[in-house]
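K.L.:
Sequence:
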Amino acid sequence: MQMIKSCLLIFSLTVCFYTRADLTCGFSDNYVGKTEFDFKTIPSQIPSGLPVGTVIYSKTMNFKTWCAKAPRSSGVFDSEYIYFNVKNLDGVFGRESGLGLSITINGQKFRGAQSLKTDYQTRTLFIMGSPTDRYLNFDSEVVVDLIKTGENVTLDPQSNTVVLFDIGSVGNGSLQFMMRNTSMLSFSTQTCDVTGDENYRVTLPPLSIHDVSGTGSTPGVSSDFNINLFCNSNLWSTLGIWMTLTGPGISGLEKQGVFSFKDKATGEISNQIAMQISRSEENIWTPISLGEKFKVGSFESALSNITIPLRAGYYALSNKQSVGEYQTTLIYTIKYE
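Residues 666 to 1002 (the working numbering) make up the sequence shown, in order.
Among these hints, one or two may not hold up.
Derived pair list, reagent style DSS-like, types lysine-lysine, alpha-carbon separation capped at 30 Å [as the list claims (entries may be wrong)]:
| hint | residue 1 | residue 2 |
| --- | --- | --- |
| 1 | K752 | K782 |
| 2 | K705 | K729 |
| 3 | K920 | K960 |
| 4 | K782 | K705 |
| 5 | K920 | K985 |
| 6 | K782 | K699 |
| 7 | K752 | K699 |
| 8 | K958 | K724 |
| 9 | K705 | K724 |
Just so you know, the hints here were simulated from the structure itself, not pulled from any lab data. No experiment lies behind these values; they were computed from the predicted model shown.
Generate the whole structure from the sequences, applying the supplied hints.
P.N.:
See the structure below:
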C-alpha cells in the first residue's frame, strides 16, 4: 500500500500600492513668458566666420518659481523633489551647422540630456485658485549659451519648436522653456561697415605758439569728429563691437593717447608738439590708450547705426614752440568679440 503524504504550500502575497504625484510649477514673480527665444521677434541671423569655441550668444535668466503636487490619485504622499530636465540639444540646429547649445543651471553646466535633482522638495498639494505663496517657492539662475562648435556649413533645424529645459517632475516638468521658429535662422557674414569713406581727414585749428605756456594738453584748441558704422541689427549675437587705435605713439605717453607729429616740410618727428586723441563716453572725454581696445557697441542692442565720437587736440612736448605745419596718420581697427 502506497502512502502518499500531501502538504500544503501556503503563499503570502503582500500587495503594495505607491502613488506618485505630478508636480505643477509656475512663476512666482513677473517673469515674462516661457518662450525664451522666438525668432519672429528677435534677430534671426547667426554670424559665421568666428573662431571655433566662440560663445556667440548668451542669455542669463533669473526667476522665482513655485511648485506643488498635483496627485493622480487620492492618498497621503511623500515629498516630491523638484527637477530641472535639460533636453537633448545635440544637433538641434542641424548636424552641419557647427553650432551647439549649453545650459547652465545654478552654476552647473549641461551639454546633453540630463535631469538635475534639486535640494527642493514639497508635499503641498496644488489647489486651483489657491495663492502661490503657500507652495514651495525658490530662486533660479539659468544661462543658455550658443557656441560655435565647428565649421558653419548649413542650418537644418530638427524642429521649428524646441524644448530647451523644463522644471517639475523628473523626466518631464510642467514648466517648459521653449525656442520657437528656428526655421527662420540663417548664417550671415555681414557685421559692420564704415559709413561713407573709410578714411578720415581731420584738420585741427591753428595753434598760436604764444598760447603754449607749458607741457601737456592744450585745452580749447581741438577738432571733434565722428566715425560712423552701419551694423547688421539682425544678428543673434551678444558679441561686442570694439575699436583699437594704433599709430606713432610717444614713449611714456601711450596711456595718454598722444601720437607724434611729423613736420610737413622736413618729414622729421617733432619734439615740440604732438597730437592727443580722446573719445566721448557719457559726455566725458577720455584719452585713447595706444593699441588698447574699447567698446563702441554690441549686436545685442540691435542698433543699425553706431556713432563713435572722437576729439583730436594738441599736446605740447616742450615749452618752446617753432612755427610750422605738422601731420600724422593713425589706423583704427574694428573687432568683434
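K.L.:
When the hints from earlier in the document are held up against this structure, which numbers fail?
P.N.:
4
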